[in-house]
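S.K.: Residues per chain, in single letters:
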Amino acid sequence: MDGLQFLFNGLFSASVYGLIALGLTLIFGVLRVGDLAQGALYAVGAYVVFWLTQFWGMPYGLAVILAIGMAALLSVFNGHVVYRRLRPLGVGATFIGAIALLLIYRNLLVLAFSWDPVEVVSPFAGQAWHAFGMSIAIHKFSVLIVASLAILALWLFLHRTRWGKGLRAVSQNEAAALTLGINAKAVSAMAFALAGAFAGGAGALLAPLWPFDPGSGTLFVLKAFAIAVIGQTKLRRVILVAGVVGLSEVLIQAYWHAEFSDLVPFVLLAGLLMVKPQLLSVEAETLSPISTTAPRPIRIPARGWQILLTVCAVVALLTLPYWLGNAFWLHLMILTGIFVILVSGLDLLTGYAGIPSLAQAGLWGIGAYTSALLALRWGWTFFPSLGGAVLVTLLAAWGIGVLGLRLRKRWTSFTFIIGIVITLLLESLTNLTKGTHGLVGVPSIELALPGLETLKLNPFRDKAAYFYLVLGMMFLVLWLKQRVVGSRMGLALVAIREDEDLAKSVGVATDRYKLRAFLLSAAFAAVAGSLYAHYLTYLHPHLFTFVQSFNLFVMNVVGGAASLLGPVLGPVALVLFSELTHSIHATLAEIVFSVLLILVLIYLPRGMVGGGRRLMKYWPRKTVPPPLSPKEEVVS
Amino acid sequence: MTLLNVQQLCKTFDGLVALDQVSFTLKQGDVLGIVGSNGAGKSTLFHLITGYLNPTSGNILFEQQPVEELSPEQRVRDGIARTFQKNRLFFGLTVEDNIRTGCFLSQRGGLKRTLFGISRAEKQAIQNEVDTIVALTGLDAFRHNGAATLSYGYQRRLEVAVALGAKPKLLLLDEPFSGQSPKSIEEMGQVLHGLAKTGISMMLIEHRMESIIAYCNRLLVMDQGRVLIPAPTTGGVVPC
Ligand SMILES: Nc1ncnc2c1ncn2[C@@H]1O[C@H](COP(=O)(O)OP(=O)(O)OP(=O)(O)O)[C@@H](O)[C@H]1O
Ligand SMILES: [Mg+2]
Chain A
63 MDGLQFLFNG
73 LFSASVYGLI
83 ALGLTLIFGV
93 LRVGDLAQGA
103 LYAVGAYVVF
113 WLTQFWGMPY
123 GLAVILAIGM
133 AALLSVFNGH
143 VVYRRLRPLG
153 VGATFIGAIA
163 LLLIYRNLLV
173 LAFSWDPVEV
183 VSPFAGQAWH
193 AFGMSIAIHK
203 FSVLIVASLA
213 ILALWLFLHR
223 TRWGKGLRAV
233 SQNEAAALTL
243 GINAKAVSAM
253 AFALAGAFAG
263 GAGALLAPLW
273 PFDPGSGTLF
283 VLKAFAIAVI
293 GQTKLRRVIL
303 VAGVVGLSEV
313 LIQAYWHAEF
323 SDLVPFVLLA
333 GLLMVKPQLL
343 SVEAETLSPI
353 STTAPRPIRI
363 PARGWQILLT
373 VCAVVALLTL
383 PYWLGNAFWL
393 HLMILTGIFV
403 ILVSGLDLLT
413 GYAGIPSLAQ
423 AGLWGIGAYT
433 SALLALRWGW
443 TFFPSLGGAV
453 LVTLLAAWGI
463 GVLGLRLRKR
473 WTSFTFIIGI
483 VITLLLESLT
493 NLTKGTHGLV
503 GVPSIELALP
513 GLETLKLNPF
523 RDKAAYFYLV
533 LGMMFLVLWL
543 KQRVVGSRMG
553 LALVAIREDE
563 DLAKSVGVAT
573 DRYKLRAFLL
583 SAAFAAVAGS
593 LYAHYLTYLH
603 PHLFTFVQSF
613 NLFVMNVVGG
623 AASLLGPVLG
633 PVALVLFSEL
643 THSIHATLAE
653 IVFSVLLILV
663 LIYLPRGMVG
673 GGRRLMKYWP
683 RKTVPPPLSP
693 KEEVVS
Chain B
546 MTLLNVQQLC
556 KTFDGLVALD
566 QVSFTLKQGD
576 VLGIVGSNGA
586 GKSTLFHLIT
596 GYLNPTSGNI
606 LFEQQPVEEL
616 SPEQRVRDGI
626 ARTFQKNRLF
636 FGLTVEDNIR
646 TGCFLSQRGG
656 LKRTLFGISR
666 AEKQAIQNEV
676 DTIVALTGLD
686 AFRHNGAATL
696 SYGYQRRLEV
706 AVALGAKPKL
716 LLLDEPFSGQ
726 SPKSIEEMGQ
736 VLHGLAKTGI
746 SMMLIEHRME
756 SIIAYCNRLL
766 VMDQGRVLIP
776 APTTGGVVPC
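Chains as they are written, first to last, in our numbering: chain A, 63 to 698; chain B, 546 to 785.
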């Protein structure tokens, strides 16, 4: 390929990234959150075109227009039915809602069309120009032109029309815009409609170029998300960054490893953050607004009851393998235990420090892969591998934490990007991880007991032994977490969650404590990863994607954040729910799950533990309030 | 003895000069009132002294040691505590837990204490500190109430209580009297009088001259980032 061809291909990708990134930027202006559900609207656009042309024989051009309309409508629906209710609950809840919406749409498409890739025929199929030694497919060329025109039109719209100016005013300062008589609701609907039109349009226009499935578009939108962040959600910069990303991807594909090209925007973002950490800071002032955590009721059962319940629970767990009988149920309990370890670590961040992380599955993956490779390549036994996994994961987490924790409000988005980078790295470092072929033959656990011969556990036969091992680790982790929460560090974390600036003013070294909490959660994740690797004896990068991080977060929220029991109940409930429903209809189950999740976020923000506490009004309880008691719930 | 020495402090925000060559000294036991129109740079001065913002140029000496390089939390350790102009509390916690969190520096950490807990005596010592502050600020009746349920006047007082947890030598109060009823202002004044008696030095930003005259022994008038000297003075207030 020569220079011109590169230029064309680069510009082509750039125009599509730019289009989607600008859509995200518009939404960011009114929502302050990256709307990942746009990834699904891309796929919706593509499938509407497929359906209309294939089954109704509609001409491609008309189908594209209808697809754009459909995506715009759905986008407005997301904004005004879902996000509007989630936004008051905070950035975290909105972000989770966006991922839930993404999964709902994706699974609806799977339900309608299945995962089998489909193709759309372009009206310009097979036609290309050959000039100056390059070959330009006419369809691609038209997409480039249309996308560029759309970007230009958007620019004119924002700068020349009353509505466009209103949109910009709302993005700058919603309260001030309201006083100017701008209809913020209509303006935000317009932002959603435009973004949806762009994402759906991109899907519809690119549909004839490659076969696609319901998951197509997600990576596109993730990249656009990174681009929008790098461009600081400013129109011109976003376009510029899209150009840089598009061109560098083409160059990397041509001269280096094609697999690495997807990493470009994410690595670019991570690299830029090293030199310019303030890049991600939304607010100009150094002082962040006051956090508004909802009050929590305290209903602590009396000590006697606590002890009785704990003893019952421990005895029940210890005897579980005997009355469960079924190997499959034991398998589920082992997985649940691993999730409890992960979610307990996450809870230190989400529940106590108020800084949710979406890199947890990535850290879990690093732990799992490290432990597996140490055993597989160097023949280490289980406990040394576990130790090695913890060390390596801590090192990775230290880098991520030092880089990211300064970003405050943007930390969650940052960890989200890191999670994606980790998955992509696991996929692309094929020499080490075997990439998407998966790592097979991870040795199972060997226990060298003093005085006895080495015990080699078989994951299929010795499920009870695995169960006890996981249970032991789980209790260790829960004990450690409870100690930390009750210590000075716990006090510091809660102070950070409530108001980070105020925490500093009473002498809390907030950066240090946030880093410690993150490292602790990473160590838990590594332990979980090591157990997971040597139990499954098979690893794949897709076990550790951001969707998995999302699931962990959901377990935390559904179980109840900032409690001992929440991170236990959440995994139990979710594993049981998914097993029971998946056997009936997997896709439908995921849709129901995501819908329920959004409902839980809106109507039960304190999770199962919070709901339980409300029910325990008449439970016998201590008269003296506990040391660090969140305040009583006020009925207003 | 000189407690705080501010020398030629400047702060610009993207060309906007918020503080311009501000210099003054503060002696042990001084209560310095700061007045000035909106945007004069009063809060910015507090942010610089407490480390929430970095100065563009100039020096800040606390007990003869330069503190410009220290983070906010290190300055709290050294003995500079503050409140904020907009009310900030740990709103999800009770009054008592707010104060307990304020006493963060009195509590000890470390691996051993984290894993095996702290002794009864240590617990009691913290509780005594909390009780002392509760009594000093007159918040006893609301101990177990949520901070968010307090009226604005009591929230203002709780902020002072939280700041006292760090056992400061110098306390910076950003408009502690703002937005309160006359009765509330009176009570807050009692609290400040009590504090002044213990020998703690204070700087307080206030728009109303009556409060300055009642509670301060020195005065700093600011306008557009500069200190106006000489400053208008009445009664016992001495300009600095
Ligand atoms: N983070 C910031 N970025 C840019 N400008 C700022 C920032 N903080 C303050 N300013 C500006 O610096 C000037 C001084 O602000 P400051 O808050 O110190 O005033 P003030 O004297 O406390 O006023 P007020 O009585 O209204 O509280 C103002 O013009 C303000 O707009
Ligand atoms: Mg001010």
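Read the hints as simulated data drawn from the structure, not as lab findings. In this text the structure is predicted, and so the values were computed from the model without any measurement. For every residue, glycine included, the Cβ atom is placed at its ideal position computed from N, Cα and C. Worth double-checking, as some hints may not be accurate.
Stated by the list, open to error - Cβ-Cβ distance ranges computed for the label pairs, FRET-style:
id, chain 1, residue 1, chain 2, residue 2, range
1, A, G366, B, L656, 44 to 54 Å
2, A, L627, B, Q769, 52 to 62 Å
3, A, L457, B, G655, 17 to 27 Å
4, B, F661, A, L638, 41 to 51 Å
5, B, F661, A, Y384, 30 to 40 Å
6, B, V562, A, D64, 32 to 42 Å
7, A, T498, B, E613, 26 to 36 Å
To be verified - If you want the footprint, here are the derived chain A segments under chain B, 3+ residues with CB under 8 Å:
id, segment
8, 543-549
9, 568-581
10, 649-660
S.K.: Decide, hint by hint, whether the structure agrees.
M.R.: Hint-by-hint comparison with the structure:
{"no.": "1", "hint": "A:G366 with B:L656: 44 to 54 Å", "verdict": "32 Å, violated"}
{"no.": "2", "hint": "A:L627 with B:Q769: 52 to 62 Å", "verdict": "57 Å, holds"}
{"no.": "3", "hint": "A:L457 with B:G655: 17 to 27 Å", "verdict": "24 Å, holds"}
{"no.": "4", "hint": "B:F661 with A:L638: 41 to 51 Å", "verdict": "36 Å, violated"}
{"no.": "5", "hint": "B:F661 with A:Y384: 30 to 40 Å", "verdict": "34 Å, holds"}
{"no.": "6", "hint": "B:V562 with A:D64: 32 to 42 Å", "verdict": "55 Å, violated"}
{"no.": "7", "hint": "A:T498 with B:E613: 26 to 36 Å", "verdict": "53 Å, violated"}
{"no.": "8", "hint": "543-549", "verdict": "holds (count 4)"}
{"no.": "9", "hint": "568-581", "verdict": "holds (count 5)"}
{"no.": "10", "hint": "649-660", "verdict": "violated (count 0)"}
In the structure shown, a violation is registered for the earlier hints numbered 1, 4, 6, 7, 10, in ascending order.
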